[in-house]
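> As you go down the protein sequences, you meet chains E and X in turn.
The first sequence: position 81 = 81 (my numbering), numbered continuously.
The second sequence: position 62 = 62 (my numbering), numbered continuously.
These are calculated hints, taken from the structure and not from any lab test.
Be a bit skeptical, because a hint or two may be false.
If you only want the chain X side, here are some residues facing chain E, beta carbon under 10 Å, derived [claimed, not checked]:
{"id": "1", "residue": "Ile6"}
{"id": "2", "residue": "Leu11"}
{"id": "3", "residue": "Val20"}
{"id": "4", "residue": "Pro26"}
{"id": "5", "residue": "His28"}
{"id": "6", "residue": "Tyr56"}
{"id": "7", "residue": "Ala62"}
{"id": "8", "residue": "Ile67"}
{"id": "9", "residue": "Phe70"}
{"id": "10", "residue": "Ile74"}
{"id": "11", "residue": "Lys78"}
For each label pair, taking beta carbons as the anchor points, the in silico distance ranges come out as [said to hold, decoys possible]:
{"id": "12", "chain 1": "E", "residue 1": "Asp92", "chain 2": "X", "residue 2": "Ile67", "range": "32 to 38 Å"}
{"id": "13", "chain 1": "X", "residue 1": "Tyr56", "chain 2": "E", "residue 2": "Asp92", "range": "46 to 52 Å"}
{"id": "14", "chain 1": "E", "residue 1": "Pro76", "chain 2": "X", "residue 2": "Pro26", "range": "23 to 29 Å"}
{"id": "15", "chain 1": "E", "residue 1": "Phe57", "chain 2": "X", "residue 2": "Pro26", "range": "44 to 50 Å"}
{"id": "16", "chain 1": "X", "residue 1": "Ile8", "chain 2": "E", "residue 2": "His34", "range": "24 to 30 Å"}
{"id": "17", "chain 1": "X", "residue 1": "Ala75", "chain 2": "E", "residue 2": "His34", "range": "19 to 25 Å"}
{"id": "18", "chain 1": "E", "residue 1": "Ile87", "chain 2": "X", "residue 2": "Leu49", "range": "37 to 43 Å"}
{"id": "19", "chain 1": "E", "residue 1": "Phe18", "chain 2": "X", "residue 2": "Arg31", "range": "18 to 24 Å"}
{"id": "20", "chain 1": "X", "residue 1": "Leu49", "chain 2": "E", "residue 2": "Pro76", "range": "25 to 31 Å"}
{"id": "21", "chain 1": "X", "residue 1": "Arg83", "chain 2": "E", "residue 2": "Trp11", "range": "39 to 45 Å"}
Keep in mind the model is a prediction, meaning the values are calculated, not measured.
All C-beta atoms, glycine included, are put in the ideal place defined by N, C-alpha and C.
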Amino acid sequence: MKMISYFFFAWGMIFMVFGAIGILRFPDLYTRLHPVSKAGTAGMLSIFIGLILYSGFSPLSLRIILIAAFVAVTSPVASHAIARGAIESGIDPWRKK
Amino acid sequence: MNAFLILIYVLSATSLLSLVRIVIGPTHFDRLIGLNLMVFNITVIIATLAVLLDRYVYFDVALVYAILGFVSVIAISKYLTGRELHR
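So here's chain E without its partners, still in its complex pose (with noise of 0.2 Å):
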């Protein structure tokens, strides 16, 4: 079970690293809300079941879904105001040249 489980970190940890790199990366604000809504959701939900496969079911598992569950919820609503908030203060999205 400990061998799922460091797997399950290993995945965790390549999702996390690819989001942070490609937020350095991307032209754009609009394509900077990419990796941190789905690489950072990916990366965090993955780490928490191995979290809660190497700690077996208890009522400790149950705290970390709901951590998970309120971050599943939340992330989109934040990206989605982010992008709101600088569509109308008239950013304009990235073009090629």
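Using the hints, position chain X against chain E.
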């Protein structure tokens, strides 16, 4: 080496990379995006520390940190909406 320590080191490095985006971001919304990713990373670090150290109070700290990050992102983006502050 413990797998939890490797996880904590890698997540600290990624939160430093998102801190670079907070520093060099050209607009305020880029800084908000960096703040959002850094809140994710630090929430995962606190939950990992709770399992590593057997201090299960830290899950409440992680939940409160996630709530505060979400509320601050929503409040700052609503404050900056429609203002010409981005230059």
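> If a hint holds in the structure, say so; if it does not, say that too.
Hint by hint, here is what the structure shows:
1. Contact between X:Ile6 and chain E, as hinted, is supported at the beta carbon level, the nearest pair being about 8 Å apart and thus within 10 Å.
2. Evaluation of the X:Leu11 hint against chain E yields a held restraint, the C-beta minimum of about 6 Å falling below 10 Å.
3. Residue-level restraint check for X:Val20 holds (minimum Cβ-Cβ distance to chain E is 7 Å; threshold 10 Å).
4. Taking 10 Å as the C-beta contact cut-off toward chain E, the hint placing X:Pro26 at the interface holds, the least distance being around 9 Å.
5. The criterion of a C-beta within 10 Å of any C-beta in chain E is met by X:His28, whose closest approach is roughly 9 Å, and the hint holds.
6. Nearest Cβ of chain E to the Cβ of X:Tyr56: about 6 Å, under the 10 Å cut. The hint holds.
7. With a least beta-carbon distance of about 6 Å to chain E, the hint placing X:Ala62 at the interface is held under the 10 Å criterion.
8. For the restraint placing X:Ile67 at the interface with chain E, the shortest Cβ-Cβ distance is roughly 7 Å, inside the 10 Å limit, so the hint holds.
9. Among the interface hints, the one on X:Phe70 holds; its C-beta lies about 5 Å from the nearest C-beta in chain E, closer than the 10 Å criterion.
10. The interface hint given for X:Ile74 is met, as the beta carbon of that residue sits about 5 Å from the closest beta carbon of chain E, less than 10 Å.
11. Taking 10 Å as the C-beta cut-off, the interface hint given for X:Lys78 holds, the closest approach to chain E being about 7 Å.
12. Restraint check, E:Asp92 to X:Ile67: a C-beta distance of roughly 33 Å satisfies the suggested window 32 to 38 Å.
13. X:Tyr56 and E:Asp92 have their C-beta atoms about 48 Å apart, which keeps the hinted 46 to 52 Å range intact.
14. At about 24 Å, the CB distance of E:Pro76 to X:Pro26 agrees with the hint of 23 to 29 Å.
15. Checked against the hint of 44 to 50 Å, the C-beta distance between E:Phe57 and X:Pro26 comes to roughly 46 Å, which is consistent with it.
16. Against the hinted window of 24 to 30 Å, the Cβ-Cβ separation of X:Ile8 and E:His34 comes to about 26 Å, which satisfies the hint.
17. In this structure, X:Ala75 and E:His34 meet the distance hint of 19 to 25 Å, their C-beta atoms being roughly 23 Å apart.
18. As the Cβ distance of E:Ile87 to X:Leu49 is approximately 38 Å, the hint placing it in 37 to 43 Å holds.
19. The supplied range of 18 to 24 Å is met by E:Phe18 and X:Arg31, whose beta-carbon atoms lie about 21 Å from each other.
20. Between X:Leu49 and E:Pro76, the C-beta spacing of about 27 Å keeps the proposed range 25 to 31 Å intact.
21. Checked against the given bound of 39 to 45 Å, the beta carbons of X:Arg83 and E:Trp11, roughly 41 Å apart, stay inside it.
Going down the numbered hints, you'll see the structure goes against none, and every one checks out.
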